[in-house]
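K.L.:
Chain by chain, the residues:
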Amino acid sequence: MLEIKNLHVELEEEGKQILKGVDLTVEAGKVHAIMGPNGSGKSTLSYVLSGRDGYEVTDGKATLDGEGLLDMEPEERAAAGLFLAFQYPVEIPGVGNMTFLRTALNAQRKARGEEEMSAADFLKMVRAKAKDLKIDADMLKRPVNVGFSGGEKKRNEILQMAMLEPKMCILDETDSGLDVDAMKLVAQGVNALRDEGRGFLVITHYQRLLDHIKPDVVHIMANGRIVKTGGPELALEVENNGYADILAEVA
Amino acid sequence: MAVAQAKPDATEDRLAVLTLPEGGWSESARADALARVRAMGLPKRRDEYWKYTRPDTLVQPIAPVAASFVNDEVLMFDVVDRLKVVFVDGVFDPVASDDLSMEGVTIERLAEFGGADIHWARDIYGALETRGQDPVLRPLAALNTAFATDGLLINVHGTPSRPICLVYHHGDESSDAILHHVVKVDSGAEVTLLETGPAAARFNKCMELEIADGGTLHHVRTQGRDHERRAATHIFARLGTESVFKTFTLTVNGVLTRNEVVVELTGDDAVAHVAGACVGDGDFHHDDTVFITHDAVNCESRQVFKKVLRNGATGVFQGKILVKDGAQKTDGYQISQSLLLDDDSQFLAKPELEIYADDVACSHGSTSGAIDEEALFYLRSRGVPAGEATDLLTLAFLAEAVEEIENEALAADIVDRLSGWLNRRR
Ligand SMILES: Nc1ncnc2c1ncn2[C@@H]1O[C@H](COP(=O)(O)OP(=O)(O)OP(=O)(O)O)[C@@H](O)[C@H]1O
Ligand SMILES: [Mg+2]
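These protein sequences, in sequence, are chains B and F.
The numbering of the first sequence is my numbering, which starts it at 1 and goes up by one.
The numbering of the second sequence is my numbering, which starts it at 1 and goes up by one.
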């Protein structure tokens, strides 16, 4: 589903290299996790995949179901089925959460040549999904993420994901800032979306999230590369011993 | 020497092409106004109050030509049931206008009732304008008082069931209209006044509003879609105890607009909200000049102005809150912000506070900014195309001003017009 090959990325302004040859393939129906020390390039990878400005791809490629992602506009990537749950969700004063969700949903449908969803169907769907995530009606009415607590913002990301039903979901530290109960809600939200046709790339620092969202594959990223790949046990190893051993081993 | 003489000459040149209406109750007010114009002279480029806006085309004897815009969309405010009064190039259109009678209000025409010796409007006509000349001169308003050819005299004594809507059509490309309205809201009465349309190639409009104790006046106006038209407008409002005055202006297009609002809070616990949203693209210069005087206890005033500017458009805001000695518990708020959609556009702001009382809460702020790139990316990453995302963020920027309109149907109509404007520029 998602194929990343030899991806090299620099910061446009400083020319500083952040990703130094990332190779990674996420198959449909699978959950891959990425762990790695702070500053290793995990968020950069997620931003480059979703099309944020400020990065220059100097080598390599990334495809979603065989389609090259890197030349697409961010909205085209979204319509193609890519979704990023942000590490730091953005506040947008003046734009209502509902308006935002509905505009996004219908824009994607339009881009795919599908019919727009009616206001009634949309309302029904959003109410049901919000309820699952314990997001109350008041939060839906407020401007996007404005005045939301850290945990509420993360839950709102998952609500968007649930509404947009993307093919490939990237979650960047969605667990950080969540209390234990919220973490379970979020994990349930993710697990509800797991199916054969959908891939997940879950970026996290902690084993705890992976207790709830069981990964098929775990990657360790360090200094702009995937340095080790293994099964769920790799996450446990990190949890117990930190990165020192792994980094020493691959050095 | 040559420079010093330029002022009276420009003023006399302008006066030479105008005819002073004679007779009737307004005659002496008009004569006084003419004397004021001569004494102060019409605005000129060096005047401090005209530092950011060139007055020459507003002052020159003949209005610059302005093509009228053929509007194919539904007329503004058609969403509400209203009493419609139509002026075409400043001339009353009796056929297009509704019958002027309505419960709770008397509506008369300045041009028709100029003949009567005694009229309630006599105490207001030119009087509020004169008060508004201190401490800053507003010569175009005095010119208006002297030479207005028509206008409405509205006395609200109850609560009319429908808003009064003035529709200003512009047809003639060289029309030069001067209208003067007087509105007196009696104690406890309440009315909504709407205005819409470009009015003329050049429009000088003055509105004097006397709002008695406990009276309420809601005012919403839009200034049409013409690109080349010019407008200089004045609102002079005097508010009594516990009265409420809320005014909102939407301006899209227009090569030159100067909207002055002068409010005097003379009774305790009065409320004045003055708001505006404007969107300009290219040859667009929009100036909001506001002066609010607190001269009573526990009054509230708000100024909320938002401007979206692109392709070299210019926005100006001059806003002042004057809190007089003894006007304790004043709550004054002022915000003026611009969203610059490119590097060519500019916003010039001069916010001022002058406070002579000690127990007051006044705040003011002015900002100029671009579209928030983080927010834009966030929206796009959810599939919203760049153009649509920019529009969403632009409307969000304007929202604080539009929210000043209490009537939801009117506010929705305003948002529709703004969306339409943005849409046409994708
Ligand atoms: N816009 C930027 N300007 C300067 N440095 C940047 C920028 N974006 C990323 N970096 C640098 O690139 C490196 C990788 O950052 P990135 O955010 O991808 O790390 P991360 O693996 O997500 O870290 P964390 O676990 O702390 O979230 C860091 O050294 C960071 O400081
Ligand atoms: Mg990160």
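Hints listed in this document are in silico derivations from the structure and should not be mistaken for laboratory results.
Note that the Cβ used here is the ideal one computed from N, Cα and C, for glycine as well.
Hints may contain errors.
[Unchecked claim] Now the in silico label distances, taken between C-beta atoms and shown as ranges:
| # | chain 1 | residue 1 | chain 2 | residue 2 | range |
| --- | --- | --- | --- | --- | --- |
| 1 | F | Leu-353 | B | Lys-184 | 50 to 56 angstroms |
| 2 | F | Ala-39 | B | Val-146 | 49 to 55 angstroms |
| 3 | B | Lys-16 | F | Asn-71 | 40 to 46 angstroms |
| 4 | F | Lys-51 | B | Thr-63 | 40 to 46 angstroms |
| 5 | B | Thr-63 | F | Lys-350 | 53 to 59 angstroms |
| 6 | B | Leu-123 | F | Ala-370 | 32 to 38 angstroms |
| 7 | B | Asp-121 | F | Glu-103 | 28 to 34 angstroms |
K.L.:
Does each hint fit the structure? Answer for all of them.
P.N.:
Outcome of the hint check:
In this structure the supplied range 50 to 56 angstroms holds for Leu-353 (chain F) paired with Lys-184 (chain B), their Cβ-Cβ distance being about 53 angstroms. Distance hint check for Ala-39 (chain F) and Val-146 (chain B): the Cβ-Cβ separation is about 53 angstroms, which falls inside the suggested range of 49 to 55 angstroms. Under the hint 40 to 46 angstroms, the C-beta atoms of Lys-16 (chain B) and Asn-71 (chain F), about 54 angstroms apart, miss the expected range. A hinted range of 40 to 46 angstroms is violated for the C-beta pair Lys-51 (chain F) and Thr-63 (chain B), which are about 58 angstroms apart.
Thr-63 (chain B) and Lys-350 (chain F) have their C-beta atoms about 55 angstroms apart, which keeps the hinted 53 to 59 angstroms range intact. About 34 angstroms separates the C-beta atoms of Leu-123 (chain B) and Ala-370 (chain F), a value consistent with the hinted range of 32 to 38 angstroms. One distance hint, 28 to 34 angstroms for the beta-carbon pair Asp-121 (chain B) and Glu-103 (chain F), is violated here, with the actual separation near 45 angstroms.
The earlier numbered hints that this structure contradicts are 3, 4, 7.
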